[in-house]
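Asker: Combine both chains into one complex, guided by the hints.
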Amino acid sequence: MSPAGELDVDRLLDDPANNVLVCCGSGGVGKTTTAAALAIRAAERGRRTVVLTIDPARRLAQALGLRELDNQPRGVDQGALEGPGELSAMMLDMRRTFDDMVLAHAGRERAQQILDNPFYQTISTSFSGTQEYMAMEKLGQLVARDDWDLIVVDTPPSRSALDFLDAPQRLSTVLDSRLIRMLSSPARVGGKGLRKIVGTGFGMFSKAVSSVIGTQLLADASAFVQAFDSTFGGFRERADNTYRLLRSPGTSFLVVASPEADALREASFFVERLAGEAMPLAGMVANRTHPVLADLPASKALSAAEELELSGSAPLAASVLRLHADRVATAEREKRLLSRFTRAHPEAPLVGVPALPADVHDMEGLREIGRRLAGE
Amino acid sequence: MTTSEWSGELDQARLHFVSGKGGVGKTTAAAALALALATGGRRVLLVEVEGRQGLAQLFDTPPLPYSEEWIASAPGGGELRALAIDAEAALLEYLDMFYSLGFAGRTLRRMGAVEFATTLAPGLRDVLFTGKIKECVGRTDRGGRHFYDAVVVDAPPTGRVVKFLDVTRAMADLAKVGPIRGQSEGVVRLLHSGDTVVHLVTLLEELPVRETLETVEELDAADLRPGAVLLNRVKPPRLAARSVAAASGGRVDASRIRSGLESAGLGWEGGVLDGLVDETIEHATRVRAEEQARERLTTTDLPAITLPEFTDGIDVAALYELAETLGEHGVGGSR
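Protein sequences, first through last, are from chains D and X. Mapping the first sequence onto full-length UniProt numbering, position 172 (from 1) lands on 172, and the numbers just tick up by one. Mapping the second sequence onto full-length UniProt numbering, position 118 (from 1) lands on 118, and the numbers just tick up by one.
Incorrect hints may appear among the rest.
Stated by the list, open to error - Keeping only pairs whose Cα atoms sit at most 16 Å apart, straight-line, the calculated EDC-like set for lysine to aspartate or glutamate is:
(1) X:K235 <-> X:E290
(2) D:K207 <-> X:D96
(3) D:K335 <-> X:D96
(4) X:K163 <-> X:E214
(5) X:K235 <-> D:D326
Claimed, not checked - Here are some chain X residues the structure puts well away from chain D; computed CB gaps all over 12 Å:
(6) E5
(7) G20
(8) D195
(9) D274
(10) A317
The set of hints was computed from the structure by calculation and includes no laboratory data. None of the values given here were measured: they were computed from a predicted structure. Note that the Cβ used here is the ideal one computed from N, Cα and C, for glycine as well.
Pulled out of the complex, with its shape left as it was, chain X reads as follows (with noise of 0.2 Å):
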């Protein structure tokens, strides 16, 4: 078992960057942690990039705009806020600021300038998005506050995160001079610096795992700095340790679950044991196999928190009830 817990280092952060390899959960996560670091009266802003208003999906809204929406209340008068980066919009923005552009910049859009763009230079997608979280980041209030305690972006998948996080090299694609270069050396300050972290969602299977070991060395390279792993989706375990090693060996012994059906009244007739001993196999096996990945991700000594699978799927409800497992764990406890 991974030992160390969510420190109060990691609840310093203000830009919390969530990846995991494709269909571990990474947007549900992201939302759950976004709503456990508002608990408390705080001001969270949750961030999309990758277009699919995942966001709006997942909190049964109307799909977001390109503008900072109030999305949900967190427990103990805390805000959660939404964002969907639109990549067009935010070019737009920036050139904005340096050129006044008016209506030429409907031309841009007109003319899918920023698909063009970002076809000619693939990294000025991922320069305009780290930028615009940049400026959500740095936004203060009147009273030289900062506006959101934290930021939570729900990041690209694993295969892509450090690229997407790699400002530095992003930036050999573009221009030596102009708007977005100046910007994105602020970037690449934030980013590295003690004020960020990546978590990383994973299944307790072979292949997320694996993904996840290599994003922590991948990470570690490129100078960014690994969070806490996430292990979404956990099931309850069911059986006694020596049950699954014996169950998981395919040793199952029916007659003691034979005469406890029987003492129970129900009937074991007509397969109903056979089957029941074949889901204890396959539970046990799970199980085990869950227990080895878990023992790999020990070795990249990071906190692990355990997050319960929900039978019937995720709604709203059940993000509320993950993000008091992460406060449980001690997220966002010590602000």
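So here's chain D without its partners, still in its complex pose (with noise of 0.2 Å):
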């Protein structure tokens, strides 16, 4: 396969047909500012943006001229835009979010039965995969809004990329409720012949579990998974659902990584899984270079420095030539990793971000990123 060469990240935000962005990396990689930073941009090319993200330092409600961002899509000054579109941001509360979901589907009887029951509030807030189970939740309730031409979604932190595609599916197949039903009654439900399937394993499995984490916990979630089972139809087929949105078309997937050997690494089995999974890759941000400024080769400007170091007549130029000299050791180590990367999946279009040497605290950082992005 031909390299498919850079990103045109512009062609990407002003295609009326793509509708849902989704950012990923793994933790660190400044996923959060990529996606904010894509949003403004989309925004000021005259598209209608709504921005998700997971969990924004204060400072990027701040960059957008919100107070504070929360579980519903806010707008951003149109005054603070220079452009023709729209910009609405939000922050995913998963809590509010689960309870919103309930709420909404649930009677009002069933949903304060739900809502009491102590292992949601376990699972509402602290199960590592609600985060992306109810992230997804969120961007299929945006889609239906309809509201947006473009819906741009960080994706939580976490040390794996994959994990916003596998959280849902495991968090559901765990909770498929036979398995829980079977083991808080097991008289009752799972009968005789799934009995059999498993063999002597059950019963020692039934007390091992229990004798861990205790036979309340087990009919708390048993209630807990019956009563949602019966309002939602079940926790597998709505993760399924929401998946089903991620392959739909429109949905495009964005990976994030700073010129790193790990972040790269998990760059890589994101991309070899969204091939697998047949879900569409826009490209690969390289977040974060050091590209050389001063076309000036390493070896020179060192032997220069010393020489200007021996004779003490130019301090100022021989630190400029050191820092120069290291500059250009980064930015090679840099191209190695990412020429590398382009190697091995040359069906990924890329582009580099040079750094922005102090943090971003503004609109007009958040632009100049976009404007790197964009390679301009």
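Answerer: Here's what the structure looks like:
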């Protein structure tokens, strides 16, 4: 396959067929900032855009001119935008999203039953897959509202980018009600057939699980799953639906990585996984690169710096030559890592985003990142 | 600048957790710390809990099994072993101590019992991990001496570490009686004792520093002891202080650079001079931001140790260099 070359961010943002852009990547690579910068750029290029962030720093809200971000999209002041489109921003509150989902779908009595269940309180706040599950739920709601041309989604911070795809499935597989009901009241539900299948291990299994997590929790979990099931038709089905959304036309994925070995390894896993799932990869953002700005080989700079240091005649120039040599070395390592990635994934168009020397604090900073994303 | 150094008190701790924001080099720092503590003939265990085989990648070895494997020698006859804790194996190990599971254990595994139980009780996984770690810390040889002089854990990132260590809270999920329950009370005692410290790795950038400060507060509130702050990937300062101040404000004396280049016989045409000026401004801006980050960290009053950036990335040789740097700051010195 011939290399796909440079990622054309503007074409991606402008294409009316693109409605959902999911930014993925391992933790610490600048996903949230990238998502916000893309959303601003899309809005200023004329699209009605909303950005769904997961765990933004407070300063991101401030940079967008919002006092705070919450679980509903808030419009960014039109006066702050330099273009014809619209921009809204929100931050996922997983507990609220889960509560809202329950309240919207269950009858009042049933909803209260679910909300009061101690197991629900655990799962809606501290299960590690809930954030991903609720991010997809929220995305589904935003799509259904049909108020926007483009939804830019940031994904939860995790070691692995794959978690975003796997967590909801994992949660639903485990909660798929049969096993849990069988455990909490094995006599009534499972029946002989299933017991035969799992064999003698089942008694042990049941005993071990309840001795570790307690019969009360199992009973709560079972009550929760039954109430949830009868209202929502099961976790698995619901997770499958949101998963389907990620495969539907108009959705594409942007993988964000810093030019570091670990982050690129995660990005590789993710790109391969997307291909395996037939989910469209829009491209790869190599975030915070350090391109060389002066065309001067490091070896020359270093020998000149040594010469100047010996004579002591030009200390500033000597320092500048040394910092230039450092920069060349960094840039070369980054180039090496990125070309290795491109060789392994020639199908992924890539754009390098040169690092800003300081942290971003305002709209203009985000706009500058947008310009760099677009290769300006 | 932070004035306090790595203290003898920190050296006395036998259980070291290493946390930090994602992407700051937590695993590297944990490995370097373990090597530094093993230097001079000690035996140290390095533990991984996130199931990513980060240690195997770092030391360039095949994936680690669920057993304590030799992974490197430390200078002066020290020995470093590594363990990748797996929740499933740890649970079966515990259950086996109380119920002789035999082949039923395999059924549990096949049915995904651990995945199941940890979904119902999210705290279970953490309790299993910390329980296994406690067992390693407390293990003694025939002579009654500790088998490991120290255990270093590549802990979950700052966002999750306090939850991970707050076993008391995790136990709320679990049965009121039972094998793991009894075991975890001992874990709580160990984690809150003088034997345990939590080190935080950070870059000198705004977000990781903020997370570090927040985590120190959280640790204090949970009555867990913060150890040292490890400043990772710090690049060498190249400019004199007054040049930093000027250049970070965009003021660079291009004519001085030009005459310097000329006297060294270098050409400055074709944008070279402008490029160097821009690079200088960026460098100075970053150095200023780093100074401010360092300043903010002093409020924690924790010892801070600077670890240098390796332009070519981290390999095993770089780990030994980092361990040496830690040793120069007193790590492992007073044991």
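Asker: Would you list, in rising numerical order, the hints stated earlier that this structure does not obey?
Answerer: As far as the earlier hints go, 3, 7 and 9 are violated by this structure, in ascending order.
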